[in-house]
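Chains S and G, in that order, are what the protein sequence lines are. One rule links them: number in my numbering = place in the first sequence (from 1) + 826. One rule links them: number in my numbering = place in the second sequence (from 1) + 826.
Honestly, the hints are just simulated from the structure, not real lab data.
Identical copies carry no separate label here, and so any pair may be met within one copy or between two of them.
Pairs of lysine-lysine, DSBU-like flavour, derived with a Cα cap of 30 Å:
no.	residue 1	residue 2
1	K1084	K1160
2	K901	K1084
3	K1160	K901
4	K837	K1017
2 protein chains.
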Amino acid sequence: MSDLRHDPIQKRWVIIAPERGQRPLEFLPPAPLEREAFCPFCPLHEATTPPEIYAVRGETFPNQPGWSVRVVPNKFPALRIEGDLDRTGVGTYDRMAGIGAHEVIIESPAHDTAFPDHPVEHIERILQTYQARVRDLSGDQRFRYVLLFKNHGAAAGASLSHPHSQLIATPITPRTVAIELDSMRTHYLAKERCLVCDILREELERGDRVVAAGDDFVTLTPYASRFPFELFIAPRRHAHDLLGCEGPLLRSLARTLKDAFARLRAALNDPPYNFVFHIAPSIALQPHRPGYWQTLPWDFHWHIEIIPRLTRMAGFEWGTGFYINPTSPEEAAKVLREAEI
Amino acid sequence: MSDLRHDPIQKRWVIIAPERGQRPLEFLPPAPLEREAFCPFCPLHEATTPPEIYAVRGETFPNQPGWSVRVVPNKFPALRIEGDLDRTGVGTYDRMAGIGAHEVIIESPAHDTAFPDHPVEHIERILQTYQARVRDLSGDQRFRYVLLFKNHGAAAGASLSHPHSQLIATPITPRTVAIELDSMRTHYLAKERCLVCDILREELERGDRVVAAGDDFVTLTPYASRFPFELFIAPRRHAHDLLGCEGPLLRSLARTLKDAFARLRAALNDPPYNFVFHIAPSIALQPHRPGYWQTLPWDFHWHIEIIPRLTRMAGFEWGTGFYINPTSPEEAAKVLREAEI
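Bound conformation, chain S alone (with noise of 0.2 Å):
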C-alpha cells in the first residue's frame, strides 16, 4: 500500500511505495538491458499483463494478437487507481492514500523496433493513444496531474527493452510543472505576452540553438540546458494542451519527434534517455469544478523535453539541484543539426 508523503522543507510531495521494494543488497546499478528469455509486451503474450485498458487494434478481441499499440496498468504500480484520497495531517507532515493510475503504453507489437523507425502514422498512432489516456484520466476529479513519459535505455530507468512508455497520473501537480505554470503565469502578468511563445520567437531569429523549425514545431537545445543535449521541442502556436494537437497538426509532432530521435540516435550512438511532456494540469478538462475559470492554465505552453544521460557528473546535481553541464547548447545543436539522418 503506497503512500503519497508531502516534504516540508522541500516543498515535494514524494510517493513511497515499499510494495515495489527490494531488500536492502538487490540494488544493483542498472546492466544493459540484454534480450529477454521472455517479454511480456510481445504478441501471443498479452495473458502475462494485467487485462488492457485501451489498444489500438483491428477488428480482434482484446487481450489478443492484433493490436498495433496496446495499454495495460503497471504490474508493479507506484500509485492505485481504487480508493478515496484519505488526505491527512501526521503531526508536523501531511499525506494522502497513494491513489492515481500507472499505465504501461506499449508502442508496438515489434520487440525491435526504435522509436525513429516507426513509419509517421504510426506515431501518431502512439500520440492517439497518449491523449486517449489523458482525456480519460483527466475526467477523474481525483487527479490533478497525467504526467506522460518514456524512459529508453537501463542507464534512464528502462527495464524491459521492448519499447514503451509510461503514464503516471497522480492527485498532487509535480512541482517541477508547479514552477513552470507559475513562471508563465508571472511572465504573461507582467508583459501580457507568453514566456514561450518568447523563447521560441527569439530562438528562431538567432538560430544557433535550433535543431530543426518545422511548420508548426520547434526542436531546440534550450539556453540553460541541463545536460549535453538536452533537447526542448513545443508548438509554434500557442497551445496549454496536448489535446487540441489534432489532424495535421499531430502528424506534424509524429513527424518532428520521429527526427528528433533520429538525430539523438545518429548523433550519440543511440543513447540511452527520457522524454517527458509537460502539458498543462488535467483540471483544464473539468470545467464543473469550482474556480475552473481562473484556473484554467490558458498561459501554459505545453512542450516536450528529451533528456540524454549521458554525462558522468550526475552527482553534484541530485543534492543540489544545482546543474553543471560540459557541453554549450549550442555546439549540441550544431551536432544535432549536422547529425546523418
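On the provided structure of chain S, position chain G as indicated by the hints.
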C-alpha cells in the same frame, strides 16, 4: 570560459562549462573506479595538482608531504575565481560570467582509508577544513552560496578513488536552497517556531525514523525520503550556520558522521553516495552588505543530506522532479539502526 545561464521556465541557474566538455561519443556510463596507476592526490604527488589553497600540516612546506588534509583548486573547474560577474540580459534570457570557486578537499593522505575508518579527531580536521574554506569564501562579495559536497563511488559521480570532497562557491543561491529558505521562513512567520526544530521534536517522540540520536545531533530517514536509505542529519539546537559548530559540538558532529557512514557501509555493502551540506547562504557572513539584518537567515536550520545511489528507478525523476521511493523510511531506519558497526 564558462557561463551561468538562467532558465526562465524552470527558474534555475545552470553552469555551462564547455571547457570541461567531451566530444559527443566520449560520454560513457560510469565504470567502477579502479585503483589508478597514478593518484594525483597521494603524498609526494603534490606537484601534480594546482598549488594548495589550504592544508592542515605540521611544520612542513606547502605543496610538500606532511599534510593531513589538503585543499587544492579543481584542475578542471566548472567556475573560475578571477573576474567580474558581468551580469547581462541576452534577449529574453539572463546570464552572468561563470565566476566562482571550485575546490577539492583531499580528506587524508591515505589512498584507501574510507570515511568511517578515520579516527574522530581526523574527521574533525576535515570538518574544520570545510569551515575554514566556507569562512574564507563567504567574505567574497561576489558569492551568494558555498556548496560543500562529496561524491563517493563512480555511480555517484566520483572520478578519482582517493577520498575527497568538493566545494563550489556560486554567485547565485541554488534553487534547492532557495526553496528551503522560503519554507523555513514561512513556517517561522506563521508559527514562531523553526520547521526543522519541529520535525526533530516529532521524530524523536515517534522514534521509528530515527537512526541515531546523540546529545547534539540526530540522524533520521526523512518522512518523505526521495531515495532508499536517504539520511538527514541536523543539530538538535537551532543554528543556521555551520561555522558556529565548534569544540565539543564539532567533535560530536564528527562522531555522528562516522556513525552514519559506518551504518550505510555495513547495511548496504559500501554503496555509492552523495553527501551534501545544506547551510545558510554566505550573505550571513557579510554584515556590511545593505539589508544584512533583514536577509540574515536566522530561521534556517542547517543540516546534512546523504543520498545512497542504489535505485534503478532514476529515469522518471530527472525529468519531472517527482520521486518514487521503493523503500519506506521506517524500514530503512530499522535496517540502519540494527546494522552491526
